[in-house]
Amino acid sequence: MVDFYINLFSSIELIKSYQSSIFIISVLLAGIPIFGFMAVNALVAVYVERKVSAFMQDRLGPMGHGVGLHAGKWGVLQTLADAIKLLTKEDIIPESADKKLFLLAPCIIFIGSFVAFAGFPFNEFLIAADFNLGLFYILAMSSVGVIGIILAGYSSNNKWSLYGSMRSAAQIVSYEIPAALSLLPIVMLSGSLAFKDIVLAQTGSTLGILPNWFIFNNPFMIIAFWLFFIAGVAEVNRTPFDLPEAESELVAGWMTEYSGMRWAFFFLAEYANMFIVAGVATIGFLGGWLSPIPGYFDGSIWGVFWLVSKTSFLIFVMMWFRWTFPRLRTDQLMRMCWKFFLPGSFFVIIGVGLWDLIMR
Amino acid sequence: MTGINLIFWFIAILTIVSGSIVVLSNNLIYSAVSLLFTLLGIAGLYVFLWADFIAITQILIYVGGILVLIIFGIMLTHRITDVTLSQSSNQQILGGGIVLVIFLGLSYMILNTPWLENSAVEPQETIKQIGNLLMIDYLLPFEVASILLLAALIGAALLSRSSK
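Read top to bottom, the protein sequences are chains A and B. Numbered by our numbering, the letters in the first sequence go through residues 1 to 360 in order. Numbered by our numbering, the letters in the second sequence go through residues 1001 to 1164 in order.
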């Protein structure tokens, strides 16, 4: 998008000579929609999460009584009201907190997921910064947020916060490794790190009717998909891997001392990270913006629709996990990562390599 | 001054200022945090050299791995609620003198070297070239490095095992 805007503005005679302004405006024009998307994503995802949890527990969730001052029909305005409440709430900084770091931590967490979105494609054209290392870039950028989590826990000067951030850091740093390794088969099959080429390699159909997505490519890819998806759920600290927050043990983990706007930033980043994990799984294994019926309903607008709906389905699966599995213990979490996921991802890499060598 | 130049100067100043804070700050955790900005700044400078792969690797390994370990180490080696972790900078005059000498020497070298100017065209697909070089021309050093890392990994596993 940045290149597109720069070319667009440079083609207009009147403003051609202001190169630096054009550059900055183009970057802003590509960046601001990302922020808008993150906000809308969080609003919708919180509502859906509450509704899904409610239905799974045989409740109704947020409800309203028609129009009026209530939360709208089926409570659709509930999260909007919550967002306004968060924005206008008092911003509390604990007296014994390390003030500078306390203020810096939400920024780092938010920026971590914001810059990851810069490389995330919604279809072959709709991507803020298009370059040929997309997958690797998103993996790297999603590891920046960990620093923010550690700082949030440390600067709060609260034991719950510190325990939460320690757990979170250990968890994210560990699960990053199987998550990255289980994405390697995609790179092996498509021969590229660019999202565009990865999706392009999945066009067409396989076995007659199935779309030629990487998850249908060979049996090992199904394992790789689940390895990545579960490791991704662990990376975004969601149940059953929500030890860092663990309401029943740690109050709210590393977010305990935060309130108002800063806490909203954590939430924004958390739902954005969920979207990124689900989105990378979609692009890598489920054909990205390609339609599930090969050859039909493909195109720019349809592409965005397919990508967002597949990603939303994976986010729904994450919510489903939340009400299905009990929380793991720390030692179980680490054993699962280092003794099952890590060897599992090596096994998958070798398996995919052999399969590709023999079957092709 | 074009927009790119503006960003270059922003990143360069960010790198230098945060690098100075790393050295001069009395608070150990502040040093570690400013190291974050130094590392991000250096990654940005790599992008200006069209070394996009190195830039991302820098962030993945140094920010996502090593810096987390450093902060973890600081937090684990002190009391859990102790916010005032301090470090001292002794011999500031001597150190400053050495830094000045190195700075002047490097500046002299940079200004007096006839630099080879590469063409101003962005190289395509840096990662393919890196892959080819690693697997064809520099395969032996690559393998030796991987054996070294494997040895370190086994060593770490051995150390962390409870002694029986």
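No lab work stands behind these hints: they were computed from the structure. Among the hints, a few may not be true.
[As the list claims (entries may be wrong)] Taking lysine to aspartate or glutamate and the EDC-like style, the derived pairs with C-alpha atoms no more than 20 Å apart in a straight line are:
id	chain 1	residue 1	chain 2	residue 2
1	A	Lys-85	A	Asp-98
2	A	Lys-159	A	Asp-197
3	A	Lys-159	A	Asp-82
4	B	Lys-1128	A	Asp-98
5	A	Lys-196	A	Glu-124
6	B	Lys-1128	B	Glu-1143
7	A	Lys-196	B	Glu-1143
8	A	Lys-85	A	Glu-49
9	A	Lys-196	B	Asp-1052
10	A	Lys-51	A	Glu-90
11	A	Lys-159	A	Glu-49
12	B	Lys-1128	A	Glu-247
Just so you know, these numbers come straight off a predicted model, no measurement behind them.
Status of the hints after comparison with the structure:
A hinted pair counts as satisfied when its Cα atoms are at most 20 Å apart, and A/Lys-85 with A/Asp-98 does not qualify at roughly 26 Å. For a cut-off of 20 Å, the pair hint linking A/Lys-159 to A/Asp-197 is broken: about 47 Å separates their Cα positions. Restraint check for A/Lys-159 and A/Asp-82: not satisfied, since their Cα atoms lie roughly 28 Å apart, outside the 20 Å limit. As the CA atoms of B/Lys-1128 and A/Asp-98 are separated by approximately 46 Å, the hinted pair breaks the 20 Å bound.
Distance hint between A/Lys-196 and A/Glu-124 is fulfilled; the C-alpha atoms sit about 6 Å from each other, no more than 20 Å. With a C-alpha separation of about 18 Å, the suggested pair B/Lys-1128 and B/Glu-1143 falls inside the 20 Å cut-off, and the hint holds. A hinted pair counts as satisfied when its Cα atoms are at most 20 Å apart, and A/Lys-196 with B/Glu-1143 does not qualify at roughly 31 Å. Restraint check for A/Lys-85 and A/Glu-49: the C-alpha separation of about 19 Å stays at or below 20 Å, so the hint holds.
The suggested pairing of A/Lys-196 with B/Asp-1052 holds, with an alpha-carbon distance near 17 Å, which does not exceed 20 Å. With a CA separation close to 28 Å, the supplied pair A/Lys-51 and A/Glu-90 exceeds the 20 Å bound. For the hint pairing A/Lys-159 with A/Glu-49, the CA-to-CA distance comes to about 29 Å; that exceeds 20 Å, so the pair is violated. The suggested pairing of B/Lys-1128 with A/Glu-247 is violated, with an alpha-carbon distance near 47 Å, which exceeds 20 Å.
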